[in-house]
Amino acid sequence: MLETAPGVIGRFMDAAAKRDYEAIGECFTEDASAEDEERRHRGRSQIRRWQQETRSKWDYTVTVVGGEQVGESGYRVAAHLKGNFPGGEADVEYRFSIRDGLISSLRIT
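In the numbering used here, the protein residues as written are 136 to 244.
Treat the hints as calculated values from the structure; they're not laboratory data.
You may find that some hints are simply not true.
The calculated PhoX-like cross-link candidates involving lysine-lysine, where the alpha carbons are at most 20 Å apart (straight line), are [unchecked claim]: (1) Lys192 with Lys153; (2) Lys192 with Lys217; (3) Lys217 with Lys153.
Computed spacing ranges between beta-carbons, pair by pair [said to hold, decoys possible]: (4) Gly222 with Glu161: 26 to 34 Å; (5) Arg177 with Gly209: 13 to 21 Å; (6) Asp149 with Asp226: 15 to 23 Å.
Ideal placement from N, C-alpha and C gives every residue a C-beta, glycine not left out.
Please work from the sequences and hints to get the whole structure.
Rendered as structure tokens:
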């Protein structure tokens, strides 16, 4: 389902699944922001740290169920999460903004 998405989105999703935090950071611009669970993380190092903390706290899988371009530089990915977090399952939406081939912002709702 990510065939039409910018390549960096697939790289991010793959790196996150493999827990390759260095590769995750390389998917983002230096000034990028990521927002998840009402917390904002700025810059590559904070984004890497956020992913490390999240992945060490919860064990879960992400199944992409849809995706579409939004405007000129945006892309939306719908996903289903399943794991040991409260509730055990959740449907989420990743909203990416892309700049110069990298993720400049990510918002997970």
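Results of checking the hints against the structure:
1. This hinted pair checks out: Lys192 and Lys153 have alpha carbons roughly 15 Å apart, not beyond 20 Å.
2. Restraint check: the Cα-Cα separation between Lys192 and Lys217 comes to about 14 Å, which is no more than 20 Å; the hinted pair holds.
3. Proximity of Lys217 to Lys153 is assessed by CA-CA distance (about 16 Å); at most 20 Å being required, the pair is judged to hold.
4. The hinted window of 26 to 34 Å between Gly222 and Glu161 holds, with their beta carbons roughly 31 Å apart.
5. Take Arg177 and Gly209: their Cβ atoms lie about 19 Å apart, and the range 13 to 21 Å holds.
6. Restraint check, Asp149 to Asp226: a C-beta distance of roughly 21 Å satisfies the suggested window 15 to 23 Å.
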